[in-house]
Amino acid sequence: MMVDVQKMEQFAENLAAQEEVQGRSLFADARRRFFKNKAAVVSLIVLCCVFAFSMFGHMIAVWPNDEMDWGILGQIAELGAPSIENGHYFGVDELGRDLFARVVQGTQISLMVGIVGALIAVIVGTLYGAIAGYTGGKVDNVMMRIVDILQSIPYMFVLILLLVVFGRSIFMLFVGIGLISWLDMSRIARGQTLTLKNKEFVEAAMATGVKPLTIILRHIVPNLLGVVVVYSTLLVPQMILTESFISFLGLGVQEPNTSWGALIAEGAGTMQYGTLWQLAFPMFFFIISLFSFFFIGDGLRDALDPKDQ
Amino acid sequence: MLSYILRRVAIAIPTLLLLTIISFLLMHAAPGGPFTSERALPPAVLANIEAKYGLNNPIYVQIINYIGGIITDFDFGPSFKYKDRSVNDIIANGFPVTLTYGFLSFAVAVLVGGALGIAAALKQNSWLDYFAVGVSIGAQVLPNFVMAPILVLVFTLWLGWLPGGGWNDGQWNHLILPVIALSTSYMASIARLTRSSMLEVLHTNFIRTAMAKGLPYRVIIFKHALKPALLPVMSYLGPAFVSMITGSVIIDMYFSTGGIGQFYVNSALNRDYAVMMGITILIGGLTILFNLIVDILYAWVDPKIRY
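The listed protein sequences derive, respectively, from chains C and Y. Under the UniProt record's numbering, the first residue of the first sequence carries the number 1, and numbering increases by one thereafter. Under the UniProt record's numbering, the first residue of the second sequence carries the number 1, and numbering increases by one thereafter.
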């Protein structure tokens with residue numbers, strides 16, 4: 001191992017001068033590592049822009065999302081292209097509705113599905129995994145077998161069945177996505193809990209007679225947060241993909257609501273008439289957002305998991 | 001080994017049963033029955049018809065009859081919407097199509113992805129490596145429903161080289177776009193997995209020993225490094241298979257191949273529960289079977305696994 005002589009000398013000087021070295025918390029360390037990762041920082045900025053677009057986009061939009069532009073309807077391929085003059089910044093869709101407003105709305109719904117889905121996964125999965133891991137023994141075995149069984153079911157088909165039987169609504173979509181999204185999370189939480197369980201602070205809590213549920217909520221779950229945060233940034237794009245998949249088939253979000261998947265499906269259905277902007281804009285937002293989520297997830301994992309450093 | 005296989009089978013069977021029961025109960029919970037129509041039948045007639053099809057039995061008897069029919073005769077019952085077709089006919093029509101391009105896509109994903117990953121690991125930090133890494137990052141955000149329109153746009157609308165849909169008895173030019181659209185993201189995942197596990201293996205002590213004793217490079221790679229490097233890839237094959245079968249729904253719909261996914265979505269839009277249930281159970285069964293095979297193969301290949 002090479003020793004940086006200059007650095008060592010400097011340290012020695014510091015010591016001699018009794019200078020205090022400022023301590024760094026784990027979190028500050030992680031933040032420093034995260035902001036060093038250029039791809040993650042750029043992704044964070046892009047994602048913030050997409051969020052701002054979904055929140056404030058309707059203020060810039062000249063047209064509402066559900067109003068048809070009768071002056072253009074019927075000549076969409078000729079007149080419907082994106083233009084600043086008539087206020088259709090992204091052009092219009094096949095029914096003459098303003099695509100800018102539609103993309104804003106689709107972005108809102110897709111992001112919401114992604115975040116709510118991930119949130120359900122975080123809450124249910126973490127608790128389930130922590131309880132299974134902490135209890136151990138037969139209970140753990142049975143609980144994890146249930147996860148095994150649920151995981152080997154082709155859930156997309158069950159999800160579609162669920163949507164068809166109980167009506168296609170955003171609420172059902174949340175329920176369906178929530179039902180399957182927590183499985184991976186519970187495995188990860190359980191694995192972490194198994195290592196935490198034997199730590200001294202948990203033993204101390206047990207010895208002083210704290211109830212198991214309190215130990216799980218007070219001592220185990222807070223220590224799982226790092227892993228959970230990293231995993232949930234990777235979970236959001238997965239939920240968005242699931243929702244877009246179903247909406248692409250026309251089985252998910254229903255009109256007048258829309259989402260990225262539904263918009264991409266519309267654009268893909270009309271692209272042979274030369275209205276390419278109908279495909280390009282939703283796809284652009286879809287792709288840059290997913291990219292950002294993946295890079296942020298990678299960046300967070302590298303930042304919070306000092307193993308690889 | 002035998003006890004391990006038996007134990008895996010013992011988990012597989014309740015899984016399949018659970019799937020069947022869940023879909024049956026869901027179907028039962030749906031409003032309206034198969035004989036609900038706009039012109040209401042007299043109650044007595046309806047009761048007679050329901051008695052003929054066994055719909056007046058308690059639900060557990062219906063489930064047992066349904067499962068019994070599948071096991072003894074491979075009979076998934078009649079369709080609710082197409083009067084002249086049973087679920088079996090629909091499966092017999094659509095399944096070979098899906099299976100054809102599904103198998104091809106799986107082979108392409110595994111072979112091309114595996115080869116790309118190995119090549120990238122062997123020539124780390126070369127242009128090939130950067131290409132492989134770039135492709136695998138890019139393909140993460142290109143799921144099949146994004147790939148399919150892009151491919152049709154470029155190769156059908158702009159270049160006019162390949163047909164943008166249809167099946168035509170599986171003629172080769174009708175196969176290319178569906179196979180590429182379905183396999184790309186899995187190919188990328190397999191390439192990434194193979195690359196990282198190959199790199200890991202290449203840095204282990206036993207490979208260094210093999211190098212030190214002067215074994216030919218070819219022997220080191222193919223005889224010593226390949227097998228442990230492919231183990232993590234093998235455990236990915238199960239999940240990849242599941243999501244590929246799911247993805248075939250998109251391919252069937254978008255390319256109008258007449259595969260099973262097209263029937264599935266159409267029956268979902270028409271509320272044809274019998275067809276949906278039949279396809280769900282069939283695909284669930286296939287998935288579970290495939291996972292079982294992968295697990296057993298894995299246990300057989302990996303000497304470290306406990307069973």
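These are computed hints drawn from the structure, not numbers from a lab. Warning: the hint list may mix true and false statements.
Stated by the list, open to error - Here are some chain C residues pointing at chain Y (derived, C-beta under 10 angstroms):
#1 L163
#2 A207
#3 V210
What the hints assert, rightly or not - The calculated lysine to any residue pairs, modelled on SDA-like cross-linking and capped at a C-alpha distance of 25 angstroms, are:
#4 C:K199 / C:A30
#5 C:K197 / C:L163
#6 C:K36 / Y:I137
#7 C:K197 / C:V139
#8 C:K38 / Y:R8
#9 C:K138 / Y:A139
#10 C:K138 / C:I188
#11 C:K36 / Y:L292
#12 C:K38 / Y:D295
#13 C:K138 / C:L183
#14 C:K138 / Y:N125
#15 C:K38 / Y:Y298
#16 C:K138 / Y:L292
#17 C:K38 / Y:F95
Claimed, not checked - Covered stretches of chain Y (chain C as the covering partner; in silico rule of three or more C-beta atoms under 8 angstroms from a C-beta of chain C):
#18 2-10
#19 13-21
#20 142-148
#21 177-186
#22 200-209
Each residue gets a CB set at the ideal place from its N, CA and C atoms; glycine is no exception.
Hints violated by the structure (numbers, ascending): Going through the list in order, the structure violates hints 2, 3, 5, 8, 9, 11, 12, 14, 15, 17, 18, 21 and 22 and respects the others.
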